[in-house]
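Asker: Chain by chain, the residues:
Protein chains: 2
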Amino acid sequence: MLSLAELQHRIASGDLAADAAVAQSLEAINAHDKTIGAFVCRTENARATHAGPLRGIAVGIKDIMDTADFPTEMGSAIYRGWRPRGDASVVMMLKQAGATIIGKTTTTAFASLDPTATVNPRNPGHTPGGSSSGSAAAVAAGMIPLALGTQTGGSVIRPASFCGVAAIKPSYRLLPTVGIKCYSWTLDTAGLFAAGVKDLAHGLSAMTNRPDLLPGAPMRAPRIGVVTQDFAGAPEAAGVEALRIATVAAERAGASVRALAMPEIVAEAWRIQPVVQEFEAHQALAWEYRVHYAAMPPILRARLDESRETTPAAYDDAIKIASQGRDALAAIFEGVDVLLTLSAPGAAPKGLASTGDARFNRLWTLMGVPCVNIPAHVAEGGLPVGVQVVARFGDDAGALAAARFVEDALARR
Amino acid sequence: MLSLAELQHRIASGDLAADAAVAQSLEAINAHDKTIGAFVCRTENARATHAGPLRGIAVGIKDIMDTADFPTEMGSAIYRGWRPRGDASVVMMLKQAGATIIGKTTTTAFASLDPTATVNPRNPGHTPGGSSSGSAAAVAAGMIPLALGTQTGGSVIRPASFCGVAAIKPSYRLLPTVGIKCYSWTLDTAGLFAAGVKDLAHGLSAMTNRPDLLPGAPMRAPRIGVVTQDFAGAPEAAGVEALRIATVAAERAGASVRALAMPEIVAEAWRIQPVVQEFEAHQALAWEYRVHYAAMPPILRARLDESRETTPAAYDDAIKIASQGRDALAAIFEGVDVLLTLSAPGAAPKGLASTGDARFNRLWTLMGVPCVNIPAHVAEGGLPVGVQVVARFGDDAGALAAARFVEDALARR
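In order, the protein sequence lines correspond to chains A and B.
Count the first sequence with the numbering used here and you get residues 1 to 413, in order.
Count the second sequence with the numbering used here and you get residues 1 to 413, in order.
Quick caveat, the hints were computed from the structure, so don't treat them as lab data.
Computed from a predicted model, the values in this text were never measured in an experiment.
Among the hints, erroneous ones may be present.
Intra- or inter-copy, both count: the list cannot distinguish identical chains.
[Said to hold, decoys possible] Distance condition first, Cα-Cα at most 20 angstroms in a straight line; then the derived EDC-like pairs of lysine to aspartate or glutamate: (1) Lys350 / Glu236; (2) Lys320 / Asp395; (3) Lys34 / Glu44; (4) Lys320 / Glu278; (5) Lys320 / Glu334; (6) Lys320 / Asp69; (7) Lys320 / Asp212; (8) Lys320 / Glu264; (9) Lys34 / Glu264; (10) Lys350 / Glu6; (11) Lys320 / Glu241; (12) Lys320 / Glu268; (13) Lys350 / Glu241.
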């Protein structure tokens, strides 16, 4: 994979021309994307910009994010050839930091569950996960050092786990969703994919102009609460193994580790997450669902069909439970620095019919807390399985620092 | 003015054909809009729909809201001729309730402060206020029974006050902002303009499918806290008079009324509101500001120029203060049902150079609480001055009920 931080270092030191760094990504895309299918469209004559911390960094943008320079098709025939007038805020943040937008990456239709044709670079017989399928696959295949995705249920952390890359779903609203196709305004969160945790930190810091996100002095060993999310059902053996490996590695590296049960109200928040998600989707996608019903992707359409009768009162109750869950979770962070939990039930499912299950992700998206995926295990078939580090709301720096601690611990074992 | 509730009643009883109700609005627009200038564009052959509580109701949509059937120009040359692919969620809510979208109403560029050419229907030598200039003016001039606007600082309540119409800025996120041009995601709130409070209630209830918003049995006299917002500076004589008249009328009608001071943290929230607003605007309007700097409207551009150096840390602090302010305000509502306060410093300023001042509005937008404007006084020059009823977050039904109580009290005096 292409390390963003390493590219930055080589460009800054004069070892690598910024244009050559971008050209390297273009060549890699030309070499590999015919078999991977991570890009919807891309520029053929990309150049580096002249300044900024992300100069020479080629970035892929999930195709539900508005771009003035590329079509934005939302993974759906309803938006075929659609060209927004302007760039989404996150795209402008990248440009202002000097990055080069190299193309648009595949997304399941409207960032829901209908799969794309993208394959998993670690094993092309398996899904890369979704909904940010192309962004995860493009980074995993070494085509680009940075890609943007979004998560409503588990659309950043799950594909990162399946493809064996690092990814962060930051705190809710650390990154603006302006110009990003909305599914659920309470949940939708933009996130980053990169080779390693340090690369994520450099990318997110440059986009947001927040130097406190950069890796600092070696972190003191964190207090880690290990969460199995029993309310979400049983994980597969590969998921259990990934969490076990990461837990042991962190403990050996000096972290204080203990199992942590979630209070009932947090489990209840997990249960009502779909009520929030689908009630809002009915409003966010009202035009598509009502005016283009026949052209709606079938899995999403069935979901919306099933949730048509959700009442405003049920939604209000769900929002209340979510708020109580956030308060209860905040109290838990009085006793630990971060949580360590599953990124997905197990390795990427076989075939491309399903992008996998978000049941170990959706609670954290609803809680709005930052989550970082770290590859922890390689299961049968060369399929990666990740774990996620979860920090308190607003503590993205802490999430990144602890994730780097776990990443280091895993590398040294 | 055209009363939505009365039109509904006449249509339901067979006294008025739904198509005739729509035709009446088209005729009124043709008769009056040449002098008022409330519409950017409109349909010439509008028909009523076949069903729904808003059948026969012609609605004007602020031109920062996406419409598939009309251009959406954001009040700016940067979006001249721009045609979105789909409808904003609020537009779909109206259509699903059976309303007829009759046209797009004028907006200051990007819902900021650069004025439109719309005049105040009560006195054409004065501004109608902004940013929802056309929506307030179109209802005030009797052209349509319902119009949508948005408020980031005071863009719904202020023009309603200046034009002498009822308006509600509901609780934050009661109405989705999906498909509405964003200025500040923490603040932007869609709202409604109509002839009276009952009309607002019928419109909002139909859009949201929330029957609890409908006027019920006569409300018991509310406990009212009168707030002068001293932190916002002194009002003009006409503003003072409007608040005095409304206070006396409510008390005579049986309300328990007492003066209420706001705690220091709420005043502090008022002070930091511009930090939140402009920091987010820099991200929301990054493409326009960076790529089309020369074409940006001058007042907005100057605002953005002045706030370029706001740091993420200053923004984070402001968000924290806002959150503390919301908690303090929630505690205040333990002792009163609603607050009664100024809708604007005074009557509409002379001329069209300024849309007036949002200093008596911006706190409540930041607090996310529902606000209802009621005309209370007519100042020199026939210029209306309103007051606003403010309820606790989520209590839109209570805000409407208390506003109706005050409206009745004012009518009976």
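Asker: For every hint, state whether the structure bears it out.
Answerer: Here is how each hint holds up against the structure:
no.	hint	verdict
1	Lys350 / Glu236	within (14 angstroms within a copy, 71 angstroms between copies)
2	Lys320 / Asp395	between (23 angstroms within a copy, 14 angstroms between copies)
3	Lys34 / Glu44	within (15 angstroms within a copy, 51 angstroms between copies)
4	Lys320 / Glu278	within (16 angstroms within a copy, 30 angstroms between copies)
5	Lys320 / Glu334	between (22 angstroms within a copy, 19 angstroms between copies)
6	Lys320 / Asp69	neither (41 angstroms within a copy, 37 angstroms between copies)
7	Lys320 / Asp212	between (32 angstroms within a copy, 18 angstroms between copies)
8	Lys320 / Glu264	within (14 angstroms within a copy, 28 angstroms between copies)
9	Lys34 / Glu264	neither (48 angstroms within a copy, 62 angstroms between copies)
10	Lys350 / Glu6	neither (33 angstroms within a copy, 61 angstroms between copies)
11	Lys320 / Glu241	neither (35 angstroms within a copy, 40 angstroms between copies)
12	Lys320 / Glu268	within (11 angstroms within a copy, 27 angstroms between copies)
13	Lys350 / Glu241	within (19 angstroms within a copy, 73 angstroms between copies)
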